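Undergrad: So the sequences go chain by chain: A and B. In this note's numbering, each residue's number is its place in the first sequence (first place is 1) plus 74. In this note's numbering, each residue's number is its place in the second sequence (first place is 1) plus 3.
Because the hints were derived from the structure by calculation, they are not lab data. As the structure is a computational prediction, the values presented were derived from the model and not from experiment. Just to be clear, a hint being listed does not mean it is correct.
[Said to hold, decoys possible] Derived list of chain B stretches under chain A, where covered just means 3 residues or more per stretch with a C-beta under 8 Å from a C-beta of chain A:
no., region
1, 60-66
2, 146-152
3, 171-183
Every residue gets a Cβ at the ideal spot worked out from N, C-alpha and C, and that includes glycine.
What follows is each chain in one-letter form.
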Amino acid sequence: MPLYNARVQVSLRPSVLDPAGEATRAAAGRLGVEGVTRLRIGKAIEVDLEAPDRATAEARLELLSDRLLANPVIEDWSLEVVEAG
Amino acid sequence: MTIGIVVFPGSNCDRDVRWALEGCLGQPTRFLWHEERDLSGLDAVVLPGGFSYGDYLRCGAIARFAPVLEELRGYAERGGPVLGICNGFQVLTELGLLPGALTRNRGLHFLCEPTALEVRPGGCRWLQGYDEGERIVLPIAHGEGRYQVDPTQLQQLEQEGCVVLRYSANPNGSMGDVAGLTNPQGNVLGLMPHPERACDPATGGLDGRRLLAALMG
Numbered sequence: 075m076p077l078y079n080a081r082v083q084v085s086l087r088p089s090v091l092d093p094a095g096e097a098t099r100a101a102a103g104r105l106g107v108e109g110v111t112r113l114r115i116g117k118a119i120e121v122d123l124e125a126p127d128r129a130t131a132e133a134r135l136e137l138l139s140d141r142l143l144a145n146p147v148i149e150d151w152s153l154e155v156v157e158a159g
Numbered sequence: 004m005t006i007g008i009v010v011f012p013g014s015n016c017d018r019d020v021r022w023a024l025e026g027c028l029g030q031p032t033r034f035l036w037h038e039e040r041d042l043s044g045l046d047a048v049v050l051p052g053g054f055s056y057g058d059y060l061r062c063g064a065i066a067r068f069a070p071v072l073e074e075l076r077g078y079a080e081r082g083g084p085v086l087g088i089c090n091g092f093q094v095l096t097e098l099g100l101l102p103g104a105l106t107r108n109r110g111l112h113f114l115c116e117p118t119a120l121e122v123r124p125g126g127c128r129w130l131q132g133y134d135e136g137e138r139i140v141l142p143i144a145h146g147e148g149r150y151q152v153d154p155t156q157l158q159q160l161e162q163e164g165c166v167v168l169r170y171s172a173n174p175n176g177s178m179g180d181v182a183g184l185t186n187p188q189g190n191v192l193g194l195m196p197h198p199e200r201a202c203d204p205a206t207g208g209l210d211g212r213r214l215l216a217a218l219m220g
């Protein structure tokens with residue numbers, strides 16, 4: 075069965091305050107890195123999944139992202155899928 | 004009557020809740036391990052505070068799939084009284100029994116302090132021992148208690164009388180100063196403050212006692 079490598083990017087929705095991102099942005103200034111106007115912290119989740127075809131793999135990953143990996147009340151997610159060589 | 008207390012790997016207020024119910028109020032309890040499915044004979048169920056499954060992924064995200072919670076959903080929908088304290092409140096939102104989500108405190112600090120609250124019991128079964136507009140003090144102990152919900156949904160929650168507990172001086176940036184929420188039926192209550200830590204004068208006030216005693220008649 076084909077193996078797919080997926081990367082799910084979970085980000086806080088734009089309307090949700092990200093105090094950890096703000097604190098990190100302030101630290102960037104103290105490091106001496108200038109010009110950082112926005113810094114938001116999300117997470118990237120790597121998933122390997124076996125499925126008969128790409129459409130099935132994507133459908134399963136979408137369900138996984140929407141119902142478990144992200145909470146749609148506060149987070150958005152996006153998905154990249156590649157067939158493992 | 005017997006009150007069930009759910010125990011997840013990482014729960015740490017389960018024994019506090021048992022002490023408050025049994026030691027302070029003389030109320031029998033039964034621990035429910037997260038893999039159990041038998042809720043028979045329980046007159047209410049409490050989801051205690053702590054860090055269920057290490058708070059991995061998000062607070063309450065993994066707990067939501069525990070076998071005991073699959074049963075709890077039906078129990079709550081049939082009108083069974085359910086109380087979620089702190090991590091238990093986070094679990095109730097992940098489970099969809101209450102709307103919204105609890106996110107990182109505005110100031111990033113873990114807050115552990117007595118907090119002034121205003122109670123609007125409305126139809127919430129857990130709060131019938133309090134007067135409308137009564138001010139009480141309960142301890143909070145959380146890093147992720149900032150309530151977040153769609154603004155139109157918050158308006159609806161306010162209109163339906165679901166916002167039953169509010170911070171008098173918002174410590175964490177919660178939208179609408181929300182400290183506790185009930186469902187429209189009034190049988191489910193989720194709150195960030197810890198009523199079980201305010202049931203004995205030796206450990207900080209008695210304001211939580213009436214909440215935990217609510218169902219004893």
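Undergrad: Does each hint hold? Answer for all of them.
TA: The hints, checked one at a time:
A count of 3 residues in the region 60-66 of chain B with a Cβ less than 8 Å from any Cβ of chain A is obtained; the coverage claim is therefore met, three being the minimum. For the region 146-152 of chain B, the proposed coverage by chain A is satisfied: 3 residues have a C-beta within less than 8 Å of a C-beta in that chain, meeting the threshold of three. For the region 171-183 of chain B, the proposed coverage by chain A is not satisfied: 1 residues have a C-beta within less than 8 Å of a C-beta in that chain, short of the threshold of three.
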